[in-house]
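Fit chains S and A to the supplied structure of chain U, relying on the hints for placement.
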Amino acid sequence: MPEQIYNHYNDIVAALLFVIGFSNLLFQKNLIKKIIGLNIMDVAIYLLLASQGYISGRLAPILTDGIENAATYINPIPSGLVLTGIVVSVSVTALMLSMTIRLYRKYKTLDLDEILIKVRQDRNK
Amino acid sequence: MDFIMNFPFFSIMICMLAALSTFMLGRKAAAWVAKGALFITLILSIVLTAWLHASGESFVYMMGHFPAPWGNEIRAGELEGVMAIFTSVIALLSIVSGRFSIRTGIDDTKQNLYYLITCLMEASLLALIYTNDIFTGYVFIEINTIAGCGLIMIKNTGRAVAAAVRYMVVSLVGSGLFLIGTTLLYSVTGHLLMQNINASVACLAADGSYKVTLTVITALMTVGLSIKSGLFPFHLWIPDAYAISVMPSSAMLSGMVSKGYIFLLIKLIYRVIGFDVFESTGVFDLIFIAGIAAMIMGSVAAIRSGYLRRMTAYSSVSQIGYIFMGIGIANNAGVVAAIFHIITHGLTKSLLFMTAESFTAGKEDIEVGDLKGLGHKHPVSAAAFTAAALSIVGFPLFAGFIAKMLLANASFTEGWRMYVAIGAIAVSTILNVVYFFRCIINLYGFGGFDGAKDDSDTETSITVQSEESSSAYHRNGVYVSAQSDCDAAPTRCEKSVHGICAIILAVINLYIGVAPKLLTAILTKGLNVFN
Amino acid sequence: MEKINFNEKKKLYILFRITGAILVIMLAASLIMCMLDLPGLFSPEHPGENVVAERYIESGIEETGAVNFVAGMILDYRAFDTFGESNVLFAATICVMVLLLVQNPDSKKSSSKSYYDELKDEKEIEPRLVKNDVILKTIAKFAVPFILMFGVYVILNGHLSPGGGFSGGAIVGSGFILASVAFGFDKMERFLNKKSAGIITFVSLMIYCLAKSYSFFTGANHLESGIPLGTPGDILSSGLILILNICVGLVVACTMYSFFSLMRRGKI
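Sequences listed follow chains U, S and A, in order. Residues 1 to 125 in my numbering are what the first sequence lists, from first letter to last. Residues 1001 to 1531 in my numbering are what the second sequence lists, from first letter to last. Residues 2001 to 2268 in my numbering are what the third sequence lists, from first letter to last.
No lab work stands behind these hints: they were computed from the structure. Just so we're clear, the structure is a prediction, and the values are computed from it rather than from any experiment. Cβ coordinates follow ideal geometry from the N, Cα and C atoms, glycine included. Any given hint could be a false lead.
Stated by the list, open to error - Interface residues of chain S toward chain A, partial, derived using beta-carbon atoms under 8 angstroms:
#1 L1020
#2 M1024
#3 L1025
#4 M1062
#5 H1065
#6 W1070
#7 K1110
#8 L1116
#9 I1117
#10 F1135
#11 V1139
#12 A1147
#13 M1153
#14 L1184
#15 H1191
#16 L1518
To be verified - Calculated from the model, a selection of chain U residues having no Cβ within reach of chain S, i.e. all distances over 12 angstroms:
#17 N7
#18 G66
#19 A71
#20 I115
As the list claims (entries may be wrong) - Not close to chain A: a few residues of chain S, all C-beta gaps over 10 angstroms, as computed:
#21 W1051
#22 G1071
#23 L1120
#24 V1161
#25 G1208
#26 Y1270
#27 G1274
#28 D1365
#29 G1415
#30 V1420
#31 V1427
#32 I1504
#33 V1514
#34 K1517
Isolated chain U, as found in the complex (with noise of 0.2 angstroms):
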């Protein structure tokens, strides 16, 4: 067991780290907290592919003093993916952010669950 642990430390930080992003993202109740929440669990997500796609002593996926053997270089794939699951997480926190800023100045709160509550108060008007 604890060789099979040493065997997968990355694996097993990423898990970690996906874990508490995942809960930042669920339960806390401030916005910034909930994004950085959010990106915790991205990057989580991330350092996954990047572990899975590396192979030690391979090199990086660009041609190298000529050489074309599949064997030289490490998996492309996660490495794409990774710039997509970039991109992608990029645009969501500046939604997420752009969102909080308008209910910030609405409300002047950065508190959700004192949104809800503002917002319950303003549809009761």
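What follows is chains S and A alone, placed relative to chain U:
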């Protein structure tokens, strides 16, 4: 290769191009471009489905110069064709009939952005439906999420943005789970394309290796997709999001957006994990129980909320429960019933939101008690509302009845699931009757609750109204001209277009209810060639 | 729902927290079990090391012309994903514009009017800029040209070296942001305003969409695309990849700047 095989690709790209060009156009031109693109998509999908139904096959289409495991691919079969028709019908009718709502609810300078978001939404849904690659699925899920957020918060009031934030948080949790599931699936199979994953998962399952991992992956992806479609414990964002946004948004969100994820889940079951492996993980039980809970709890919440649009939104929760219950029955008939219910629920729920608009009269929401007598004021809307309500309740002659019957039929062979499913359908139907008939009684201004009498009355009124649709529309026009001095009231043209759209949806609903053979045949055949 | 009194709500809330904690612990346990089961870390026996990765590397140069295999993969083999990804960014830009773009205060709609009033309350529609900050201005004068140049280099060499449209575009965008902070938004507005940013985004995405549509269409119908791949290793090589990188770079640069500008002062 036939030219017709390009149609799925054309419909995705036409929606994308329309989305791009509305960015630079004014609001009127943008509206026409969006409607035109959706109409072309509808025609292409109909032609494609007819062709596929005649030939009875399915095909894959390379997106680029590289074949199967290297490039991206899309796949089209009858199921995909039917889903494409369904989404484009709802999107088209929603934005056509929602002109008044868009005009009054959204800033003049931002109206073209609304059409843009609609086109983007349709493109992403089409891509979700047609995709044959799990990572493409993820990317388009994200477009769908962001566009859905845009649809909710387009009014740009504090309440709308707060509802959108709640929606986004829940959706992002869902997409995080889906993405990590995809990553793990790639790690154990080494593929992203659906049929390759399916082949290697079958090998792994036969070896007996990665048993835990496969179970966890299946659970993660299923839970992610069901969170995004608003299954019961994660439904808290639904009422706010559907009740606050402008009418076309509610119609589209409830009608088709959440359904895209469910269709992807069905794809996941059949084309990625494989039905047998999926069944051996026991995730079907999870879906089944959550679906049952949603059916009951959604209806209870709908009864407790006294507002029309909120009630309709809660009713969506319970109907999504029906769909998940159908998938959870875990046989082909159950999945066919679930897809049938996806379509009927999409058509009826968008019709309900569409007609609710004319009762709310510019306000955000209306108490059910205030509906009193509005049925005589808006005859077309009231008739269409009654038709939709009867369909959701499961009244014979309407599509909802067939859906419930298919669901019940599918559960007959499944032991304990049969008793639970039929019991839940019965309880949920009674609850549905309670809250929808409350609305109908109020609409037509009847006195106390008298179940039997009310039944026959509403039925006669609906048959009369929908058969004489054209005369009802004339009456409606006359009524509007008397009222048009009010500033916030819809113009005569808007009102008649709205009425026509409602009637079209009601007629489709009746047609499916009276002659369900064609649709069920297409769905059954489509599911047979699905894997 | 409103009838529940405060105590009951608190009880519900505690119940919610406890259920949440249990669910999260279950999630963590199952994920870690799953991870222990995965193929060994950094070992060449990974299932991903199959025909797919092999072809991307061994035939990548003949088929795409890109020396950077990742660029070849995301912009040619799996271009539909990447097309979707740029649309995610576009959708996010549109949503941010809907949220934060300040409208004409004369508009009749109540929603936009109330938003304008909220902003006026804050007295920050045009935020105070650090007008006389010598250090910032001097450093920006030196740094901005180099940042922009580096960004353009990363975009143009996307098919030859690490980088590409997105990373280069983000660098260029950060150069714009630095310039606007140091020299003021009005100076930036001379060449990057709502109109020009809109046109740049529109034209780039349109070229992207049409070019990729052409390539998908010819590919699926087994036609020759007729796009020359050039000599691998040259700047002018690898067919569409260079053009697509430039388009993505322009879009991303405008998007980054407009995110900042919209969040800071409500207009581009």
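Outcome of the hint check:
no. : hint  : verdict
1   : L1020 : holds (5 angstroms)
2   : M1024 : holds (5 angstroms)
3   : L1025 : violated (10 angstroms)
4   : M1062 : holds (5 angstroms)
5   : H1065 : holds (4 angstroms)
6   : W1070 : holds (5 angstroms)
7   : K1110 : holds (6 angstroms)
8   : L1116 : holds (6 angstroms)
9   : I1117 : holds (6 angstroms)
10  : F1135 : holds (6 angstroms)
11  : V1139 : holds (4 angstroms)
12  : A1147 : holds (6 angstroms)
13  : M1153 : holds (7 angstroms)
14  : L1184 : holds (6 angstroms)
15  : H1191 : holds (7 angstroms)
16  : L1518 : violated (30 angstroms)
17  : N7    : holds (14 angstroms)
18  : G66   : holds (23 angstroms)
19  : A71   : holds (16 angstroms)
20  : I115  : violated (6 angstroms)
21  : W1051 : holds (17 angstroms)
22  : G1071 : violated (5 angstroms)
23  : L1120 : violated (6 angstroms)
24  : V1161 : violated (7 angstroms)
25  : G1208 : holds (12 angstroms)
26  : Y1270 : holds (22 angstroms)
27  : G1274 : holds (17 angstroms)
28  : D1365 : holds (15 angstroms)
29  : G1415 : holds (28 angstroms)
30  : V1420 : holds (23 angstroms)
31  : V1427 : holds (22 angstroms)
32  : I1504 : holds (29 angstroms)
33  : V1514 : holds (40 angstroms)
34  : K1517 : holds (34 angstroms)
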